[in-house]
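2 protein chains.
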Amino acid sequence: MAAIYLDNSATTPPYREVLELIGRVQEETYGNPSSMHSKGLDAERLIGEARRQVAAFFNGRESEIFFTSGGTEANNLAIKGAAYRNRRRGSHLVTSFIEHPSVLNCFRFLEQEGFSVSYLPVDEQGLIDPGALKSLVGKNTILVSIMHVNSEVGSIQPLAETGQIIREANPDVLFHVDAVQSFARLPLEVKKWQADLVSCSAHKIHGPRGAGCLWVKEGTLLQPLLHGGGQEREMRPGTENTAAIAGFGLAARQGEGRLAQTAGQLRNLKLIFYRELRNSGTRFIVNGPAPENGAPHIINISFPGLKAEVLLHSLEERGIYVSAGSACHSRRPEPSHVLEAIGLSGRRLESALRFSFSVFNTEQEIITAAAETAQVVRDLSSMIS
Amino acid sequence: MAAIYLDNSATTPPYREVLELIGRVQEETYGNPSSMHSKGLDAERLIGEARRQVAAFFNGRESEIFFTSGGTEANNLAIKGAAYRNRRRGSHLVTSFIEHPSVLNCFRFLEQEGFSVSYLPVDEQGLIDPGALKSLVGKNTILVSIMHVNSEVGSIQPLAETGQIIREANPDVLFHVDAVQSFARLPLEVKKWQADLVSCSAHKIHGPRGAGCLWVKEGTLLQPLLHGGGQEREMRPGTENTAAIAGFGLAARQGEGRLAQTAGQLRNLKLIFYRELRNSGTRFIVNGPAPENGAPHIINISFPGLKAEVLLHSLEERGIYVSAGSACHSRRPEPSHVLEAIGLSGRRLESALRFSFSVFNTEQEIITAAAETAQVVRDLSSMIS
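Heads up: the sequence lines are chains A and W, in that order. Its first residue numbered -18, the first sequence is counted upward by one per residue in my numbering. Its first residue numbered -18, the second sequence is counted upward by one per residue in my numbering.
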């Protein structure tokens, strides 16, 4: 039984080319990039190349890319780095209720540190109301952090409108966007968003674990999280993970220049899955954006009356890997804060599964997965009725 | 011309077995360890195994090992985590002048944050005087951080005596040891040291880049540096780098149970190098501990009258890779703070090279490297005299 992996919002299997590159770099270019000899310079050159490849996604300069150990660190650096660096200017921060835990828990922590935080609600599509920022953002506000694509329901926030309203309310506010779920799947229109800080992660785009980046608009100052040997222009010291960074660069390059194609391919898979499931006569409700809207690779579905965990394991027995709630909670059996925020409760909340697709999935896999899901729902429903 | 890599204190080439394991894990066990399905559980199992392998070095419990992205992060977590967590109890911190930049620069930062820091001097062997702590450590002291082995000159600090004096002066003080240079080369006698926190890094022991750990004695509380999805029991959130952690575990296992053998092998290489260089009639001075003392894998040598950078590049032309000062300064051409702290200046400071050995080096390589060094020194000396 071949595995059908539909948990690509949690993590993605790496490209074969990326694995090969990582193996080669670890073996041949093992020098410390800070070493003065050629083994150091060779490593530094690889990192420079990766920086160019990642910068291309932002239409940005290489000097605006700071490599981190991943998305969580990039979000922490952006949020705490901006808050601490600007605490003399103000103490008010804004975010939404449906951010990733690595964003939300930074803000919870900053509240303990004396900052005040406003949390924007979302509608049942998982969308914030940018207009709400008009009255919220004031003189004392120093940072607004809003994700691009929600990892659980796939809502795409109206970032251009959001950025415009922030600028009109207070041009000095820093605007951070967590783009971990959208990087290499949707365009990162940092200029249109008027963003200052954007976080990304390699392992969500078929790159390696252990690499991410924060895009920092030229001239934006942050307090670093780590202190040390001065790497990444003192913004992120520590011996660079050359292989992971090179792999990140290559994974980015695989997606570069074909964003529209990738998004089209993913959306096609999602719509096939939705159509097949609907045609099977299965009773289900889509949570968040309608299938034709939202992120191309995510669909969140409830099967009222059934338990998500039981569904997940039944699908797993058939070789299909999906997610119940988010994988980012270290398997704590808590109801998803995102699904609660979009208004779900009771049977609909308990029975929600996330199916997330990648360019590695084939149409046939998706058709099989929909048929198996329909079968599992039928089997389980017959057991309880 | 085969390369002779003698910059093993900067970073080490990985074991072949580690590279193979990393490749396999990235390909086969790519699931997010937080995912509820078996692809998550498989990844979590690998991390648990690595945790046992690393814990073995501390004769510690698995629950005392917290994986980080590397040594810099482990040092930052230990120092800032201890300082912020205990700031209500006191604001005085102690360290030495010869710590790694990832330790020293944490303390410089904490000074700006309102903490006061005492910096211990060292003698010309690179050793602190533990007795000096008697009067320094007081009621207001919350943390002492002293490295085990110095990365530039190889001095081994008297940690048992240091720990004892700290405990007598104030039993509530946390004692952190940066063991990045000694891990898997010398025993980590955490009980004898009476240590609370010990930092390690994978890439210094023929493991991968992107993994390190902080050993945290049962019951010791720290403020985390990162906030997020709760991984590593909320001490270090972020999707775990399964492959790097597994590789770290395997690299640790390679060295386990044969510490004395490894140390003997390394010391033998160092003494051969020293003897060959001395027998060649080359004029040089050993900096820091005498060759028969100090860490088994590090020797720091000045060639007065010559410039370290010129020596380094001349050796590189002959396929020999060494370090001038430390590699951790991102190639900034600054005089080494360690060599200055042990009293070097002028011609001796300018001409210092570090030769650092690993179990991958053969005796023949070392004999060749010594002969080539002697030749380079002769050639360069004849050019300037």
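Treat the hints with care, as some may be off.
Unchecked claim - Partner residues aside, some chain A positions facing chain W, computed with beta carbon under 7 Å:
1. Leu0
2. Gly51
3. Asn57
4. Pro102
5. Arg190
6. Gly191
7. Ala241
8. Thr243
As the list claims (entries may be wrong) - To spell it out: a stretch of chain W is covered by chain A in this simulated footprint if at least three of its residues, at any positions, have a beta carbon under 8 Å from a beta carbon of chain A; those stretches are:
9. 205 to 216
10. 285 to 297
In short, the hints are calculated from the structure, not lab data. Source: prediction; values computed, not measured. Even for Gly, the Cβ is constructed at its ideal location relative to N, Cα and C.
Here is how each hint holds up against the structure:
Interface hint at Leu0 (chain A): satisfied, since its Cβ lies 6 Å from the closest Cβ of chain W, which is below the 7 Å cut-off. Of the supplied interface hints, the one on Gly51 (chain A) holds, with its beta-carbon coming within about 5 Å of a beta-carbon of chain W, less than 7 Å. Because the beta carbon of Asn57 (chain A) sits about 5 Å from the nearest beta carbon in chain W, less than 7 Å, this interface hint is met. Checking Pro102 (chain A) against chain W by beta carbon gives a least distance of about 22 Å; that is not within 7 Å, so the hint is violated.
Because the closest C-beta pair between Arg190 (chain A) and chain W is about 4 Å apart, less than 7 Å, the hint holds. Annotation: interface hint on Gly191 (chain A) holds; nearest CB of chain W at approximately 4 Å, less than 7 Å. Below 7 Å, beta-carbon pairs count as interface contacts, and Ala241 (chain A) has none with chain W, the closest being about 27 Å; its hint is therefore violated. Taking 7 Å as the C-beta contact cut-off toward chain W, the hint placing Thr243 (chain A) at the interface is violated, the least distance being around 19 Å.
Check on the region 205 to 216 of chain W: 7 of its residues sit with their Cβ under 8 Å from a Cβ of chain A, so the three-residue criterion for coverage holds. Note: the region 285 to 297 of chain W has 4 residues with beta-carbon separation from chain A under 8 Å; the three-residue rule is met and the coverage holds.
The structure fails to meet hints 4, 7 and 8 from the earlier list, while all remaining hints are met.
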